[in-house]
Amino acid sequence: MNSIKPDYRPFFYPIIIALPLLFFVLLEATLRIYDYDPVIPLFSPAAEGYEDYLTPNPAVALRYFGKNDEPPAPRNDYFLKQKPDSTLRIFLLGGSTAVGWPYGENMMPSRLLAAKLNAAFPEQPIEVINVAFSAINTYTLLDFVDEILAQSPDMVLIYSGHNEFYGALGIGSSKSVGQNRWLINRYLRLQQSSTFRLLNNLLNSITGAESSEEKPTSATKTLMQRMVQEADIPYGGTIYQAGVAQFRGNLQDLVEQFSAAGVEVVLSELVSNLRNQPPFVSHDGEASAANVYASAQQLAQQGHYVEARDAYRRAKDLDGLRFRAPEQFNQVIHQVAAHYGVAVVPMQRYFEQASPQQIIGSTLMIEHLHPNSDGYFLFSEAFYDTLQQHRLLQGSWPTTTNHQAFRQSWPLTEYDHVMAGLRIKYLMDHWPFQSWQQSGKVMADYQPTSDLEELAIQVISGMTYPMDARRMLAADYESQGDIDRAIAEYQALLAMYPYDVDLYREAAWMALKHQQLTEAEAILLRSLNVRPIAGAHKWLGQIYLRQTAYTDAIDHFEQALALSTSSDPQLTSLLGQAYVHAGQPDKAQDIYQRLPQTESTAPAP
-4 MNSIKPDYRP FFYPIIIALP LLFFVLLEAT LRIYDYDPVI PLFSPAAEGY
46 EDYLTPNPAV ALRYFGKNDE PPAPRNDYFL KQKPDSTLRI FLLGGSTAVG
96 WPYGENMMPS RLLAAKLNAA FPEQPIEVIN VAFSAINTYT LLDFVDEILA
146 QSPDMVLIYS GHNEFYGALG IGSSKSVGQN RWLINRYLRL QQSSTFRLLN
196 NLLNSITGAE SSEEKPTSAT KTLMQRMVQE ADIPYGGTIY QAGVAQFRGN
246 LQDLVEQFSA AGVEVVLSEL VSNLRNQPPF VSHDGEASAA NVYASAQQLA
296 QQGHYVEARD AYRRAKDLDG LRFRAPEQFN QVIHQVAAHY GVAVVPMQRY
346 FEQASPQQII GSTLMIEHLH PNSDGYFLFS EAFYDTLQQH RLLQGSWPTT
396 TNHQAFRQSW PLTEYDHVMA GLRIKYLMDH WPFQSWQQSG KVMADYQPTS
446 DLEELAIQVI SGMTYPMDAR RMLAADYESQ GDIDRAIAEY QALLAMYPYD
496 VDLYREAAWM ALKHQQLTEA EAILLRSLNV RPIAGAHKWL GQIYLRQTAY
546 TDAIDHFEQA LALSTSSDPQ LTSLLGQAYV HAGQPDKAQD IYQRLPQTES
596 TAPAP
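Quick note, the sequence shown lines up with residues -4 to 600 if you use the working numbering.
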């Protein structure tokens, strides 16, 4: 009699299907246990001594660039790990313009805006955190959303669009992985998987994507050069339209995700150099970019400025090398903003109204799209005014705002202009400003024309730290008796590194030893907002004692004593003197009794 064999087929196929899944689950778990190629977070712990702070991760660009690409990095911008309930937290997102290039941290639009807002709302702590850096577009910004939301933002400001074609993963970029927006965003999500990164690294090693043979070639190119794959993208063509769709879709997703989380979003129009930047790539024909640009110049010479401005815009749009965002992007920005009910910064109007004949050119722009210092001040003013107009910050706004006085008081020095000028010279010595054959030849043998240029070159080449360079400049100016310029360099340092308490002490001492008490007082009061320390309170007490502001002197001396970790007979004596001058001899006597016997003799009241 034949026995009936059991039918295992119902179990066979599920097991066959489950085995690969189980393999990848185990592989993922193993890779994470051994910390294989860990995910690079957007934010990382700040430097030693600032354990309570986070900063944009200088290595975050490695998500999108290879190590041999000389990847860009976000600027130094500390913020508290634990957001205080009273603090308003704002993030600024974008590319190189949003980060203030070619200037240093003291000219970041976020720094300028933060200073304006904190002056307008002195009782309301306001952070404006910059997470922008070069050569990124809306794909990168969208990839950052979850990590930004984890930091409890109240508001997000977005200035992005110029890098849409050539930024990382852009449709015309050398870092493109295709044209399907959904697939590219899934690709970015998969980057969170250790298994996916392992497979990606294996593929790169096989294809030689990061082979050492590429290093000499990339080292001779600017980042701007290295990002271009499609050097000619005709206006209205397939790639152009795909780029517009990419921008629209990603911008919609950005606004939707932030808005859904209850975060206020502010978009900005894009601006670029129209008058003084000829098209990079032009085709033959009557309606070519070059011909339209020449027509715009002729119209301007004839005094037909409105028509000239329209022609300049048209010439920019026809430029096949898409480093400047087309006018259609500003239309998209307004359409997305209207759909979601968010504010738009009218940046174009601000720049046009500040330009001769309302045509944006070299009075506000350095090259094709980066503002000069006046342009960056205007940039921050446009954001500030928009926030005020839409009442996006609760509270009582100042009835008047003196933007010009702010510009004049801001720590922007000759060294800043020299540094920015050298960076621009290097950029414009390369393609597309020069031919491929002439690219880089002038700056290869460049000799500094001044001590400031020599110092700036040392910083750019990495031979000198930016902080040390400013300190050396301040010391040189002090030795020459130019105390105002010495203090200005320290003020610039404080704008660059506003959480470095040691810098406040150095800056205050520079002012104090040269009897600039008002300057020292302002520096010390700012330092207390960063970290209250005994030394700052003691110096403030001494300043107020000299100014016969005895009540203020007593307050700061008392706080200095409370914060002191060791005995300070001088501080105790100063407090006693302040009480004597304030007409409180009994309290003075109590204070003097704390002094050692040899120092306890009180002055006559």
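Calculated from the structure, these hints are not laboratory results.
Take these hints with a grain of salt, some might be off.
Keeping only pairs whose Cα atoms sit at most 25 angstroms apart, straight-line, the calculated DSS-like set for lysine-lysine is [what the hints assert, rightly or not]:
#, residue 1, residue 2
1, Lys62, Lys170
2, Lys436, Lys216
3, Lys216, Lys420
Remember, predicted model here, so these are calculated numbers, not experimental data.
Quiz prompt | Hint check, failures only | solution = none
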